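K.L.:
Work the whole structure out from these sequences, hints included.
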Amino acid sequence: MRALIAILLLATAFCAKAQQPLPIFDAHVHYSHDAWDVVPVEQAIALMRKAGLKRALVSSSGDDGQQRLFAAAPDLVIPELRVYRTRGEIGTWMRDETLIPYLQERLSRHKYVGIGEFHLYGADADLPVVRRMVELARKHNLFLHAHSDVDAVERLFKQWPQARILWAHAGFDRPERVAEMLRKHKNLWADLAFRTDHASGGKVDPAWRAVFLQFPDRFMVGSDTFTPERWHYIPEHAEWSRRWLADLPRDVAERIAWKNGEQVFGSLLQRPD
Amino acid sequence: MEERRTGLRLAAAAAGLILASVAGACVPPLDGTRLESPRFVLAFKPQPISVARHFALDIAVCSKSPVLPESIKVDAHMPEHKHGMNYAPEVKPLGPGRWRAEGLMFHMPGKWEFVFEVRAAGRSDRMAHPLLLSQFSKEEIAKILQHGPWPPASRPDPSNRVSGKPEAIALGEKLFFEPRLSGTGSVLCATCHAPFRAFQDGRPRGFGLQQVDRNTPTLLDVRFTRWYGWDGAHDSLWSQSFRPLLDAREMNASPGHVAAVVRKIFRKEYAAAFERAPPADDEEVLVDVGKALAAFQETLVSGRTAFDDFRDALERGDQATSYPAAAQRGLKIFIGKGNCGTCHFGPHFTNGEFADTGIAFFVAPGRVDPGRHGGIQKLKASQFNLLGRYNDDRSKSNAVGTRHVELQHRNFGEWRVPGLRNVALTAPYMHNGALATLRDVVKHYSELNVERLHADGERVLKPLKLTPAEIDDLVMFLETLSPLRDK
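Residue numbers (the numbering used here), protein chains in the order written: chain W, 5 to 277; chain R, 209 to 695.
No wet-lab data here; the hints were simulated from the structure. All values derive from a computational prediction rather than experimental measurement. Warning: the hint list may mix true and false statements.
Said to hold, decoys possible - Some, not all, of what chain W presents toward chain R, calculated at C-beta under 7 angstroms:
1. G92
2. T200
3. F230
4. E233
5. Y237
Unchecked claim - Calculated pairs, DSBU-like style, for lysine-lysine (alpha carbon to alpha carbon, straight line, at most 35 angstroms):
6. K545/R with K263/W
7. K162/W with K588/R
8. K545/R with K319/R
9. K586/R with K54/W
10. K207/W with K545/R
Unchecked claim - Pulled from the structure, derived: some chain R residues nowhere near chain W, Cβ distances all over 10 angstroms:
11. E278
12. T392
13. A398
14. R575
15. V658
16. R660
17. E687
Just so it is clear, CB atoms sit at the ideal spot from N, CA and C, and this is done for glycine as well.
P.N.:
So, in structure tokens, the structure goes:
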């Protein structure tokens, strides 16, 4: 009788776990200055919890935003330092000498796991300001979160061969090319934010499936809240991610959904300086 | 204006070689435009002419009498502007009966006139030829021609078995103006789609029984649309047409209520249109109401515009035009640096698809309108889409878009690209009526906030950074896309 009860309890626990929605580590969230009033901190956190996010890698144009989120929900928010004080600096930051003191000041005051997301293409990666940013990342042992083409990623690794780079949107590149880069660079991870080419109707594209199975430890999902309205898309995005992830083997799905993010970033905040 | 300078005169060389023949007939040795005076026949052929570019002109003259030309003067001017060129051409002999004039330039578009004076025996024969210099290159003209002809050919909607049927059009018109279809008996389709307001309501956001989230679009030319509603939640005019009947904020009716009204009040008209009595199934009647309403709305095709006349003249090669110069400049921006035609494409000035143009889409604090992202989901879930049983085209060949449309992250906050015909009549603008005037719309694109757009690859949308004069011109062009009032 006791054995039967134990089996029933185990079965119940198993079923309950199976029915729980897959946790999501959202590796591409922005809480920029234009969102602070229209999506207040409490609402932003509520949206992330509603989405079933285990954690979120958050950066802000105007770093105060994410710091407020982090203060309110340190269990949920992992801060990374964005190089934009306003979103208007997307195309100018790499030539802006005043950026470095700003980064230094923020790094002296707060803990981060990375610098980014920054937009950087081609030879711009070798500009002096970028090089100094990379030096700061090296000094503080931080990830680089690069919205970049292959050329810029290569140049960043050339500057700092031990760099760890989260490749935003997997460079919007083809799966074969992404695989080639992951194969070449052991310290390269990719987020799949704002991409839909890898899955449609809950089915994973065959070419992408091969890459996911070959590199199950190197991908993360991300919603990319580049406008304030898109905060309300975080729950929808999490559901969408769960649907296509369900088309992968469970262990691969779990890695991409949250384990990779948790493993790579989750412990970084606790590390000693 | 600048004083015209005297064109150079050149003594005719080898005069004896110039063809002289019997009175009234000679052939100048050049394949070009021919002009004739009492004593001479002149042919000229310019190099391709474009605004503010120097060009040369070949000339040949033959004499219809023994009198030979002694010199030739070449000039050009703008009769309406009372000025000529800024440059004095030089005429050089090329051989017997042939000359070349160099250094000409038309420094502005408009009506020019070539003037040739052939001097002989102490007097001159004057010959003139008009030329309207378009400010548009061949490539630009090709782009302009893509915005016509108008009206385009139309055919009945295969998904609607009563499309184009007079009895259905008559029924649809009655239903369109019938308040008893609404749940309260107080609202009709024309409440929001007012004929005297180009079949919209002039409000930022529509208001039937309550305010809705979006701007009321015009129904003019609605038959040419691929997707209906700002979010494209409907793939047929008929399914879109009964949607407001069921929306509590708009007409607040039920299928049962609509069917009852039809059975009680429009039984005869329904029978004439559909060749049967109203069926017992309320949903079937509701769909047929949508199809009759669609048949009526298909007749709402807007008239020709000043732009259409200009466009057709260009196609004919007719350079004479009364199309305002400011509108032409605006059109040049529209097809050129404005890049507007990328989305506002074709005779309807829309590609029929969806775009994020940086307009905020919060409806209220804490609530967003998901736009196309929600529209695709509604479309796919609808039993009334073209994949369903109410599509009267059994082949379902008209459902390709519905079958293949794919939900993407970028759809969140995308809105249907509206056609621009009648745009001057349909203020305010954008999906939520956020912009009050056409000038506001042009300024929105001129000062576009790229921070609201996702950054990757080459941007289709960039701040146009137009000058105030350019904004005026673009607005002027857009205003010419409304029907001519006297037609």
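K.L.:
Each hint: holds or not?
P.N.:
Against the structure, the hints come out as follows:
Given the 7 angstroms rule on beta carbons, the hint for G92/W holds: about 6 angstroms separates it from the nearest Cβ of chain R. Among the interface hints, the one on T200/W holds; its C-beta lies about 4 angstroms from the nearest C-beta in chain R, closer than the 7 angstroms criterion. The closest approach between the C-beta of F230/W and any C-beta of chain R is roughly 6 angstroms, which is under the 7 angstroms cut-off, so the hint is satisfied. Of the supplied interface hints, the one on E233/W holds, with its beta-carbon coming within about 5 angstroms of a beta-carbon of chain R, less than 7 angstroms.
Satisfaction of the interface hint for Y237/W is found here, the shortest Cβ-Cβ separation to chain R being roughly 5 angstroms, below the 7 angstroms cut-off. A C-alpha spacing of about 48 angstroms is found between K545/R and K263/W, which places the hinted pair above 35 angstroms, so the restraint is violated. As the CA atoms of K162/W and K588/R are separated by approximately 48 angstroms, the hinted pair breaks the 35 angstroms bound. Between the alpha carbons of K545/R and K319/R the distance comes to roughly 25 angstroms, so the proposed pair stays at or under 35 angstroms and holds.
In summary, the hint linking K586/R to K54/W is supported, as the alpha carbons are separated by about 22 angstroms, within the 35 angstroms threshold. This hinted pair does not check out: K207/W and K545/R have alpha carbons roughly 41 angstroms apart, beyond 35 angstroms. Under the 10 angstroms C-beta cut-off, the non-interface status given to E278/R relative to chain W holds; the minimum distance is some 66 angstroms. Non-interface status of T392/R relative to chain W is upheld: no Cβ of that chain comes within 10 angstroms, the nearest being about 32 angstroms off.
In this structure A398/R is separated from chain W by more than 10 angstroms, as the shortest Cβ-Cβ distance comes to about 33 angstroms. Listed as a non-interface residue, R575/R fails to keep its Cβ farther than 10 angstroms from every Cβ of chain W; the least gap is roughly 8 angstroms. A Cβ of chain W approaches the Cβ of V658/R within 10 angstroms, the least distance being about 8 angstroms, so the stated non-interface status is violated. With a minimum CB-CB distance of about 5 angstroms to chain W, R660/R fails to clear the 10 angstroms threshold, and the non-interface call is violated.
With 10 angstroms as the threshold on Cβ separation, the claim that E687/R sits away from chain W holds: the shortest Cβ distance comes to roughly 32 angstroms.
Hint violations for this structure: numbers 6, 7, 10, 14, 15, 16, all remaining hints satisfied.
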